[in-house]
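The hints should help you fit chain B onto chain A, whose structure is shown.
Here is what each chain is made of, one letter per residue.
There are 2 protein chains.
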Amino acid sequence: SASSSEDLDQVRTLLQLCVDRQYVSPGPANTELFQRGMSCSYGPLGMELRRNLLEQWWHSVTRSTAQVLGINTLNSSTVSETDGQERLRIVESGSLKQILGEQELSKEQLIKRLNMLLQRSPSVRGNLLQGALEQFVPLWGLVNKKLPFGLAETGLCFLASDGSGCPAEVMQTSLAWFCSPRTSSQWLDHWTRQRLKWWRKFALSPSDFSSSDVPEEELEEVASRGVRITYSFPWGPEPLETLLSRGSTELLNTHKGAHSKPLVRDGRKSVPHVVSVTGNMDRGVMAYLSNSLQQLKKEDSKQKLHQRKVLKLHPVLAPVKVALDIGRGGTMELRQVCEGLLQEMMEAEISVWPGYLNTLPTSMEQLNAKYDEMGVLFTVVISENTLESGLLQVRRRDTTIKETMHISEIKNFLSRYISAADNV
Amino acid sequence: SASSSEDLDQVRTLLQLCVDRQYVSPGPANTELFQRGMSCSYGPLGMELRRNLLEQWWHSVTRSTAQVLGINTLNSSTVSETDGQERLRIVESGSLKQILGEQELSKEQLIKRLNMLLQRSPSVRGNLLQGALEQFVPLWGLVNKKLPFGLAETGLCFLASDGSGCPAEVMQTSLAWFCSPRTSSQWLDHWTRQRLKWWRKFALSPSDFSSSDVPEEELEEVASRGVRITYSFPWGPEPLETLLSRGSTELLNTHKGAHSKPLVRDGRKSVPHVVSVTGNMDRGVMAYLSNSLQQLKKEDSKQKLHQRKVLKLHPVLAPVKVALDIGRGGTMELRQVCEGLLQEMMEAEISVWPGYLNTLPTSMEQLNAKYDEMGVLFTVVISENTLESGLLQVRRRDTTIKETMHISEIKNFLSRYISAADNV
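Protein chains in written order, with this note's numbering: chain A, 11 to 434; chain B, 11 to 434.
Think of the hints as simulated: they come from the structure by calculation, not from any bench.
Since this is a predicted model, take the numbers as computed values, not measurements.
Hints are not guaranteed to be accurate.
Because identical chains cannot be distinguished in the list, a pair is counted as satisfied if it fits within a single copy or across any two copies.
[To be verified] Simulated crosslink set (EDC-like; lysine to aspartate or glutamate; CA at most 20 Å straight-line): (1) K319 / E354; (2) K155 / D30; (3) K156 / E349; (4) K207 / E357; (5) K307 / D19.
Extracted from the complex, chain A is given alone in its bound form (with noise of 0.2 Å):
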């Protein structure tokens, strides 16, 4: 159909945009990874972006009344293979190629030679949960047995391939949250919708993120009842973040040799119930680029046709808050000008892209494009005027109006506008 063809456009405009503007790096492998949601190697804004959005995460969920405390536990493990499940592990190249090139070990030999090499090697991990379970009774106690109560961790794990032979890279994010039986498909619910909300108060089109249930034929084993938040990306609908009432079953597994003891409250028989939150924020990065790419028709100076394309990120999200660049006049002094504003800047936790560095002769038109292209939420240009009479300009990606204000008040203008975006 048209639209598809026009999605399928709309997909490679923005790939073509995120490796011109520094958000992933270039390469065909790469971008492939990219666009199927996980991780990729990152430009510098790339990297801002996922830095940001996994912040606001953290924030998210251990803000939250209840008390949930952060962990941080290890990649790999050696751990033995317990639920069957087969494990990527991390071998020695050298010591499984010295044993290959042992010539009298019989086929017999080698094999077993080679599954006690195995045996011995950690395996990587594929998801956050396990750690949080292994961490669950110390902390518990920490908190005199209080529910509910949460353990967060972001970090890396590593997907087995779908048959491409390569295992992916995703940067997950994981809410461990316990609670008494009674209570989990409240919480389930209330996790639903707190997550929902999240994922839509930085979108530009709210509607392209939503929840539904998972079909109990795609449910885990020991799930009971899940639920996806999804985004409508042009080739369909992925999963950003999972949510499922896991029960206590690998939580009593974990802690098998405990006897359970540990895991009961006093006064109480039942042991904790699991609700675990997984969401995968490469994907993440992926839909808020996909979701605030906007492609505007405008007509430039000389009354020419042009397609305006402009990264609309929320300004909480935006890698960079402010460019700093120069018009005309005496470079050398509007380059001091600019750097005393950077180092004004960076102190404020301002962050700031210092365009004046790196401009070649170039119009303004285009470099505004260029910074509209990055999701830089203001442009600041120090010209001539600004050693005259300290007045700078400052134009916004949003209304792409220019104001006039003076060199004074921009710091506290700026930081001002991206505190009032964080606490909306």
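Showing chain B alone in chain A's frame:
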């Protein structure tokens, strides 16, 4: 010697305290990783401490006068081994077992199949430098081939085992600094000074951090000169960050296919030189914990002599800035006051410990001892008096002095204190 047995006592005390106070998860294997300066399973406080340390590192390196861009490269890569180094590879245990189970294969066929599997399996990174070298060309273009120029990254790396058979994880920091050949030695000195100053800035005993040249026989082959920043642990010095002047060989090798043309600046013939700054932030966490533990003899109210242990972590690094607790009075009402204060502080991004949620009947002395061991900067106690007059009590970790303050002032007082500490 007597001193060394005292030193060992000190190490034992520190490790026990780190486990008791949720810096590090329990278990002898985990504590050993921690002591060796490897990633371990961190508790909530250790996670927050490492996060603060990484953030400070990031600011100190990217807020330089020259442009430093952040990147985020992939952990695993399928690039074949050209440097002859044996790598850690991620192998799908299912695929390996399947090959081992194929009865009809001869020994030779088995070996061939396994070598092919190994070739196909991606290797995990042992450092972040290679990723930066690969990203150099497109990003250097972005800044119009200006020198000096830096690429910064933080991330998990895997180190081959030292005979234990089990690879270790480590949270590395990496600055790849590109400069003109004639300035590389000066830049090595510049970064050595900058890094040593940074490490000492957060130390209780700055002289425990020092720098020394890497002996020539320990230098990597490509490096012409190197410096280590080390911390003097009770058992001896260990490197925290290593700076190496590496020349241009690796950069040229990485971009071999590109015929080195993109590596040359117009009108000059030389290829940029690389200075690498590689840090281990897990060992950094261990160093600061070790450095900040003070043991003081103290009389309690019954004139019994106690050993008071305080983690005097720098205000910027301390994972918990303030603990909220309740004294005498109606618990329900006091908790409501705490709830309000907690929300207010969270919104101001002050890291707060909701002690009032978990406090079992205990004396104020025991509570203070606990918070001192956690390294909490301030303890705020809400009591009956607060309900009547709005006054609360604030205790400082570093002086043990208690002040009375109005509840309306406490948030601003803490914010000011923290931001002042940040701007030292």
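Hint by hint, here is what the structure shows:
no., hint, result
1, K319 / E354, "neither (30 Å within a copy, 40 Å between copies)"
2, K155 / D30, "between (52 Å within a copy, 17 Å between copies)"
3, K156 / E349, "between (52 Å within a copy, 16 Å between copies)"
4, K207 / E357, "between (32 Å within a copy, 18 Å between copies)"
5, K307 / D19, "within (16 Å within a copy, 72 Å between copies)"
Of the numbered hints listed earlier, the single one contradicted by the structure is hint 1.
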